[in-house]
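There are 2 protein chains.
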Amino acid sequence: MELRKYIEKNKGRIIDNLKEILAIPSISTLPNHKDDIRKCAEWLEKYMKDIGLDNVQSFKTLGNPVVYGEKIVSENVPTVLVYGHYDVQPAEPISEWTNPPFEPTIKDNKIFSRGSADDKGQFMIHLAAAEYYLKNEKKIPINIKFFIEGEEEVGSSNLPKFITDHKDLLKADYALISDSHMLAENKPAIDYGLRGLAYFEIEVTGPKQDVHSGLYGGAIQNPINALALIISKLKDENGKILIPGIYDKVRKVGKEEREMIRQHLTEEDVKKETGVKQTYGEEKYHLAERVGARPSLDIHGIWGGFAGEGAKTIIPSKAGCKVSIRIVPDLKVKEVEEMFLSYIDNITPNGVEVKVKLLNGGEAYLLDFRKPIMQGASKVLKEVFGNEPVFLLSGGSIPITEVIKTNLGIDTVLMGFGLPDDNLHGPNEKMNLNQILKGIEASVKFIQEMTK
Amino acid sequence: MELRKYIEKNKGRIIDNLKEILAIPSISTLPNHKDDIRKCAEWLEKYMKDIGLDNVQSFKTLGNPVVYGEKIVSENVPTVLVYGHYDVQPAEPISEWTNPPFEPTIKDNKIFSRGSADDKGQFMIHLAAAEYYLKNEKKIPINIKFFIEGEEEVGSSNLPKFITDHKDLLKADYALISDSHMLAENKPAIDYGLRGLAYFEIEVTGPKQDVHSGLYGGAIQNPINALALIISKLKDENGKILIPGIYDKVRKVGKEEREMIRQHLTEEDVKKETGVKQTYGEEKYHLAERVGARPSLDIHGIWGGFAGEGAKTIIPSKAGCKVSIRIVPDLKVKEVEEMFLSYIDNITPNGVEVKVKLLNGGEAYLLDFRKPIMQGASKVLKEVFGNEPVFLLSGGSIPITEVIKTNLGIDTVLMGFGLPDDNLHGPNEKMNLNQILKGIEASVKFIQEMTK
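For the record, the sequence lines run as chains H and G. Anchor point for the first sequence: position 263 equals 263 in this note's numbering, and the numbering is continuous, going up by one each time. Anchor point for the second sequence: position 253 equals 253 in this note's numbering, and the numbering is continuous, going up by one each time.
I should point out that these hints are in silico values taken from the structure, not numbers from a laboratory. Don't take each hint at face value.
Derived lysine-lysine pairs resembling DSBU-like cross-links, with alpha carbons at most 30 Å apart [stated by the list, open to error]:
no.	chain 1	residue 1	chain 2	residue 2
1	G	K249	G	K355
2	G	K139	H	K355
3	H	K107	G	K318
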């Protein structure tokens, strides 16, 4: 059956499969979802077997299992290694979802569910493409290997060991990852750069317990005020990070490259997608460069004292926050950790104690967009989506790309099918069904393209 | 029966009464405790009737009821107006209590419960003293009026109207309040000054919902970072408040007065009571002056973004905090509100919207400690506790003192029986039983003293 007809005929079943895996709340950041993680890995194993992959197995790690499946047809054709992650972010604040986050709901031809775009909906595209070859065509023109992990949202800390332990199994010519997004429905994109991430938790301790703010206000340091003071010294008001050394290895973006990337993230895009009235950041750099080629620092959560309704007059005993720094290529997580710890130590005000812990980290990635494999991917996306794709520097992090490069020696093509308004990590995450169906078409064609 | 014998014989019953009222979680700051507030007011009404007070009634207000009771014996003796509050602070963090906060538990001759010292345990002392006169002596030498309110912990916002509406009912020569503490078991104290309070909530809004910190980090302002920046500009690192005008009306403490107050709050006291390794604040001023005669500013709670276990990489949509300023006599809450709002407006960084709301406020109070009524109180406390009491500038707030002065034209004697380690507003609040029993003795004697 011809490809488009096949997709049209099978789309109901394809979306039903996706709904099944989306309904499993495989949240890796919350320890009480261990069982869902296991269920999700088992579901994937079964699915891989169903579509005709061989050697399907779930590999134990110190954390969550990695699910593997392959189809090896010949030593004389290229091998592609497809990576994805079946774990998802927490769904909080749940009250802001219009449907329950783990009851996938289709509305306006979009599927709403935590994980729909990040990343279940995206790796399922390539599994559907493999199924097309294996079930419809009865043959696949290249060797294909899938490895889908369950710890991406917690920093993939056990994946490097898995990769070094299974170099032969994972041997390939290219890696392929769909965990990013296009610019619009008719504007495909290929990421050629990703930022790394160093994620910390800070805890500030003052009095041994909450004390009366009248009796001690003015006499002892307040842990929340102290934490705010620390945070205020991490960036200046224009978004420049104040941690010494953090800009040392930042790559200078050339004029041509800057011209290319600046077309693809405008002031208007950011305002529309986030709802802010004005953008923010280092004035000397275009938004696309701030997000793609410069480090950034954000507080993800903060807590301390009394947050209920009404008024409670205490100096709290403790306060804390979660903070990450997105880092650029060449600056390693280890270096950032040292810089950060030493800087926090320097700026800690008197009268409180501060503990800082690296929760997870991942390195940045950069791949020359002029390489033939990137140009091949570009050709396929143009065929399917009607327009030449743009090459982007993404501000997000897919640390596995750097781990694959270092350990398997291969480049990764980052071909995302999401859209900018998919609400990744936020409430009402969604993926457009059309993106999924066109994604399958692109994946099938890219597999063909790789034979060249 | 002689006073001490009476107390010894009746103490079991007195403590049992206290346990009953402490067991009612009359938390005024949390709206879901309205029913407990009502129960507590009813309990008090019944108790006042039981001990023989007349004209007992519960006055409705726009908020929680005020419970009133009196014994009028003659026009030719002085009248004392006893104030107290039956509402309490929330008990969070409940996990840090060694017994449930509303299951009063006696250990080491101390009663542990929310409200034990602030303020149920203290106003119950004066009710027990009235009972001694009415039941044991069959007569009371002065007129006594009790009015016990239920909104002190939320700023007593309906009390000024209650007082102006009931000036004749409340007419008296002196007011008496026990809602403060002594310096140690043998070191009685009388507060002659109290700070006022202006309590605000700040809310900062950025993107319309939580967004991915990789995709937008560096391009939009983060509400938590913005809030931290705002907080960092409220005080400098030494605790000096940066809001223009906040020090304009601060009274200069004279040399003699400074010498008096500085003996009663030492570095070691503060370290011992709060567990901090070092104190903090304006270096030019002694700790006692920082707490008693200078304004202070504290964040009581902060929230925003993801505070669960693990790592979530978002730029949150909102962040907020609760903050109060303790103010000194002559500077009014209204003035502080204007200063604060205008200053916050000035320091709000680009890219976020900030809302500030005054949650409650109360004025400061000051009374010359050389007045005869103060010296009479001092004499009584010396008799009961064995040492001359000290006159203190408290850092806490009892805004009713200023309301009473303005509306009823009378001075308030602040004779507290708590101790510095009572953990007011914190977990494991307690009151020493011995303080309660000696407090009753002091109250009985002070009533006698007022006839002079």
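Now for the hints, and whether the structure bears them out:
{"no.": "1", "hint": "G/K249 / G/K355", "verdict": "27 Å, holds"}
{"no.": "2", "hint": "G/K139 / H/K355", "verdict": "63 Å, violated"}
{"no.": "3", "hint": "H/K107 / G/K318", "verdict": "27 Å, holds"}
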